[in-house]
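Engineer: Go by the hints and put chains Y, B and R onto chain D.
Single-letter residue listing:
Protein chains: 4
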Amino acid sequence: MIRFNNDYNRSAHPAVLQALADTAADSFGGYGGDVWCEKAAAAIKSHLDRPDAAVHFLVGGTQTNFTAIAAALRPYQGAICAHTGHIHAHETGAVEHTGHKLLTVPGRDGKLTAAQVAELGEGYRTSPVREHITQPKLVYISLPTEYGTVYSLAELTALRQVCDKYGMYLFVDGARLGYGLAATDATLADLARLADMFYIGGTKCGALFGEALVISNPALQTDFRSYIKQNGAMLAKGWLLGLQFAALFENGLYFDICRRAVEQAQRLKAAFVARGVPLYLDSPTNQQFVLLTAEQLSALEGKYTFEPDHPSEDGRMCVRFCTSWATTDEEIDALLADIARL
Amino acid sequence: MIRFNNDYNRSAHPAVLQALADTAADSFGGYGGDVWCEKAAAAIKSHLDRPDAAVHFLVGGTQTNFTAIAAALRPYQGAICAHTGHIHAHETGAVEHTGHKLLTVPGRDGKLTAAQVAELGEGYRTSPVREHITQPKLVYISLPTEYGTVYSLAELTALRQVCDKYGMYLFVDGARLGYGLAATDATLADLARLADMFYIGGTKCGALFGEALVISNPALQTDFRSYIKQNGAMLAKGWLLGLQFAALFENGLYFDICRRAVEQAQRLKAAFVARGVPLYLDSPTNQQFVLLTAEQLSALEGKYTFEPDHPSEDGRMCVRFCTSWATTDEEIDALLADIARL
Amino acid sequence: MIRFNNDYNRSAHPAVLQALADTAADSFGGYGGDVWCEKAAAAIKSHLDRPDAAVHFLVGGTQTNFTAIAAALRPYQGAICAHTGHIHAHETGAVEHTGHKLLTVPGRDGKLTAAQVAELGEGYRTSPVREHITQPKLVYISLPTEYGTVYSLAELTALRQVCDKYGMYLFVDGARLGYGLAATDATLADLARLADMFYIGGTKCGALFGEALVISNPALQTDFRSYIKQNGAMLAKGWLLGLQFAALFENGLYFDICRRAVEQAQRLKAAFVARGVPLYLDSPTNQQFVLLTAEQLSALEGKYTFEPDHPSEDGRMCVRFCTSWATTDEEIDALLADIARL
Amino acid sequence: MIRFNNDYNRSAHPAVLQALADTAADSFGGYGGDVWCEKAAAAIKSHLDRPDAAVHFLVGGTQTNFTAIAAALRPYQGAICAHTGHIHAHETGAVEHTGHKLLTVPGRDGKLTAAQVAELGEGYRTSPVREHITQPKLVYISLPTEYGTVYSLAELTALRQVCDKYGMYLFVDGARLGYGLAATDATLADLARLADMFYIGGTKCGALFGEALVISNPALQTDFRSYIKQNGAMLAKGWLLGLQFAALFENGLYFDICRRAVEQAQRLKAAFVARGVPLYLDSPTNQQFVLLTAEQLSALEGKYTFEPDHPSEDGRMCVRFCTSWATTDEEIDALLADIARL
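Taken in sequence, the protein lines are chains D, Y, B and R.
Take the first sequence: its letter number 79 is residue 79 in my numbering, and every next letter is one higher.
Take the second sequence: its letter number 244 is residue 244 in my numbering, and every next letter is one higher.
Take the third sequence: its letter number 225 is residue 225 in my numbering, and every next letter is one higher.
Take the fourth sequence: its letter number 199 is residue 199 in my numbering, and every next letter is one higher.
Bound conformation, chain D alone (with noise of 0.2 Å):
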């Protein structure tokens, strides 16, 4: 079996289990008062603009969601975010288990409007019963999305307008980001002059696991380790994370191994669609989402693993294949003979 199922089912890239294995036999500080912390927050800060930006590392990417996002809210505060959100859709309402009321929002391709954002802050504002009501305070995207579609510079542009008019914070998750960064004309400097917090996901790209959250907004940098820590996300061997982002980010390799792995996935969406398999919608980065019939599926299961998204309204199933930062060119070769023969 070929795994296309999802971007979390290799270890890691070769050069962050060269780190891991390059110091074994050193000791280090706790909790991420290390030297690796502190190279890899260097190695991240120096893609950004904001030497004020505060880095940490966390383990995991629902972990970061709700803790950063707790962190910013007051109780009668909540997030906006698309009703296909991973905060809303797959976390086992962990950020409502923190206390604070997700404001979902409809749409297909995953992602959020400013408009959309405006109209609920618009609404907040001119409600005579505002403390009936949940305050949308945070707005929570995701680049790239669930259906892998990204954000444009300008559309987060507009999302950054529209969150300074209402008072409002702009929360990246970047679980997926160096996918996401290798298809938008947005860059990590970008994000961090116009987000007040996101994350680099790492489990998903090269790393064992680990997500660095990147806090622009000097309001929220306060007292962030508390937080960290409370919420079970301060790793006892913190410089474990530290010196896998620092071998990702030390000569942009994270980048490079993204890249790559997007420009695999384009190639199976090229070969569906010349096969005249509809796509779902038309991402650019490593997750492609088409419509196969029952007896494509057939074909493709037994050799390839992949995931079902959901059943279509012309009979077809929505399946998601997806690329990763492990897959090879010899398994992308496989699947797209086998794509030719459907």
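In case anyone wonders, no lab produced these hints; they're calculated from the structure.
Check the hints yourself; a few may be wrong.
Taking CB as the label site, the calculated pair distances span [as the list claims (entries may be wrong)]:
no., chain 1, residue 1, chain 2, residue 2, range
1, R, Asp333, B, Ser127, 33 to 39 Å
2, Y, Pro106, B, Thr23, 39 to 45 Å
3, D, Ser298, Y, Pro51, 39 to 45 Å
4, Y, Gln18, B, Pro278, 45 to 51 Å
Covered stretches of chain B (chain D as the covering partner; in silico rule of three or more C-beta atoms under 8 Å from a C-beta of chain D) [unchecked claim]:
no., region
5, 2 to 9
6, 225 to 233
7, 286 to 292
Ideal placement from N, C-alpha and C gives every residue a C-beta, glycine not left out.
Structural biologist: For chains Y, B and R alone, coordinates are given in the frame of chain D:
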């Protein structure tokens, strides 16, 4: 100004005030451990066929909703409700504040259907990634709904059946229960039989304040007073609640005064219909939602208070007229005359 | 039975009941946006020198405590309190239920000292592992305390100074504030100047129910009504609270009736002392804690209610006698006579 | 610098690192549904006599503590712990953050006694105002404790009996369980029999990171994966946890490496005693607490890292020396020589 804006703009029924006056010189034990709470619970239970039901008196509706819902759920479980449900739309995210996600279902008339509940139940039961999503564990309905509609006995029975099938609790918000009972074929006894918990609203139905929560399901009765106290819902002078409900339930006063308000509201509805004013929907209870033109609005708003609900797509405004136990025939007659002149 | 068991076993002062009767036929706006809440707030503020203070009316003490404390704190911050503090010992963990740790300090008389607070503040400030511990951010005291003792103006000033030094809030639980003010040299104006938030208890001091929360610190005033609503503490018929406090604060009734109860309690204390009954401590307010032998207990308990507090090491029982605004001179005289016969 | 400051300053045992290297090219299913988690669970369960036990792998200790404790408790219930307990003193109020009060008990050696638990249980059982206080429902102990002390089989059995008597759960924090098992007569099988839940620490005992939670009580097993996910404790690449515990538990490596560290620590203790350095207490495990003079401190602190615990009343400093699975005999020998020279 004659008030039709809501059903909580007046003090309490004279019988309730008299009961307060009669006991002004007496001393009672605290926190609901008193003879009046006993009497009131007995009076309420005389309408039920559930000698094992527990009756608790709380102060207000939002408080009763989140206290009862949170007491019933485990942290990863959530409540199903209509997207117009009071807990979703008007309580500042109080249920989410207790850590629980609301699973909202669309609908125009404020009601949930058994089929909608079944779909969520089945989705969870068959999910291959159950631990990533919230378990739908409690069905929240209100009787009447925010739009004045009611559930029939058949509809409540269908909801009970789907709850049984999927292991869910049925919770009925009865903030306006008196008005609902006047318009449905379901009785208090039916509610006690079909719902795991429901409450009998006092605040909007003749009391100064107070809600009587009936817990039929023995599994949800355990240590419920601890939940009440922890959530600040235990009135130190609990007898004040007991004697109000005793006054309302001895001799059936509660039913009588609410029925009368519903009859008045039906006269309003008929007058609007006769005058050609479109109804937003056909409400059989004390809240009437009608679509007024700007001209009609200005004709009425100098003399009567009523509440804007939402702008209608046809350019009219949907507004609510609300009668209550305190509405007089003179007030209704005045409004009927003005409606006829619209 | 003559009740000295607590100060919430009777309805309300006749002036409060009269105010309720006088407005029984009137309609008011909901949720505290009414003329009576305005009047009551103005009457209270006439005693303060803080035109910028916000006054909110909530239903009960536990509710006011956790709503206000949780509104002031970030998730990793906690409240310092005496281990006998009401929030620690009698509220079913309501503050912890909002997610905040209590940092308790030992003491016999129910009071916190500035030195105890400073020790916790300094410990946190100098901790090398600050992110692993709770930040002490709010000082909770009650005036009077659970043991009837009070803070002098000098003690309150010292607490304010240590709060300023360590960036902490000072919160005063005034569930029995009227009785406390009769026994300390601090005034309402002093409290408004020295505390960030305090409340004026109504439930135990002449009202049917209700607490008036004064927020002096502007930073804690933002959107406070959202906290009230979210925590189920916003009475639909908010004017019921306003008119009670208006009745109590116009003409100084609140102060008068509480002073009288304190004078009665001091007569009780003198009688116990004269009879050789040891005091647990010397309380200057309406609660008196005395150590009774088994024989003395049985002599009194047939005719009076009073509360056991704890068994004393010398074999006696420490019990509480409590006067209130409703205690009559006849009740006191009867008890004095029986004490003399012990 | 030779590190004796803690037992988490080194990567992982070579066998663990080898297991990671061996699987670097393989693909696995996500979220713990993989062959390695199965193998590891089986290896652990081979030491227990509880075929019905559930084994889950989480990332860290604080996370495991609050996830498990919150899963076991209802909102009005709390956990009993020593005031030196890790959940009380070192986790930023993480348990309270989940809404639960800690009921702390004093003690010098970090241990709870069955009598202390019984006192709290009896106090609640007989309280006339039970709904006003937190129900003590879970007993939290750690093995070994923060001071390196252990519970004997007899002590654990006594705790189990008192838990049974009062309907409490027994939870054992085993962050350093390997070191504890080397010093007590209780076995893993005893823990599985006597505790409702306990965990086997990996982070401090040879793994890179990870804790294996064993849930013996079937009532606490329901939907536990939902709690793990909701609390951000479900590693996407769950097999990384499974293969580490498989490496540690196949062939008993876990027990061997921890026993060795304990033997090294006992040599340290003997050397201190021989040199006349007072012990703070007699620890049979890998943490040693000794009282050093300022002169002794400065003699050692240039060459070794160790942790200050607290200033002793006699003017000395109580410090902790900690060995681990990674401590070499050379490191111990060097320190022994320097102790002899103190």
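Engineer: Examine the region 2 to 9 of chain B: at least three residues should have C-beta closer than 8 Å to a C-beta of chain D.
Structural biologist: violated (count 0)
Engineer: Mind checking the hinted window 45 to 51 Å against the Cβ distance between glutamine 18 of chain Y and proline 278 of chain B?
Structural biologist: 47 Å, holds
Engineer: Hint says 39 to 45 Å; check whether the CB-CB distance for proline 106 of chain Y and threonine 23 of chain B agrees.
Structural biologist: Roughly 42 Å apart at Cβ, these two residues keep to the hinted range, so it holds.
Engineer: Kindly confirm whether 33 to 39 Å is satisfied by the beta carbon distance between aspartate 333 of chain R and serine 127 of chain B.
Structural biologist: For serine 127 of chain B against aspartate 333 of chain R, whose Cβ atoms are near 34 Å apart, the range 33 to 39 Å holds.
Engineer: Are three or more residues of the region 286 to 292 of chain B within 8 Å, CB to CB, of chain D?
Structural biologist: violated (count 0)
Engineer: Closer than 8 Å, Cβ to Cβ, for at least three residues: run that test on the region 225 to 233 of chain B against chain D and report holds or violated.
Structural biologist: holds (count 6)
Engineer: At the C-beta level, are serine 298 of chain D and proline 51 of chain Y separated by a distance inside 39 to 45 Å?
Structural biologist: 59 Å, violated
In terms of the numbered hints stated before, the structure departs from hints 3, 5, 7, listed from lowest to highest.
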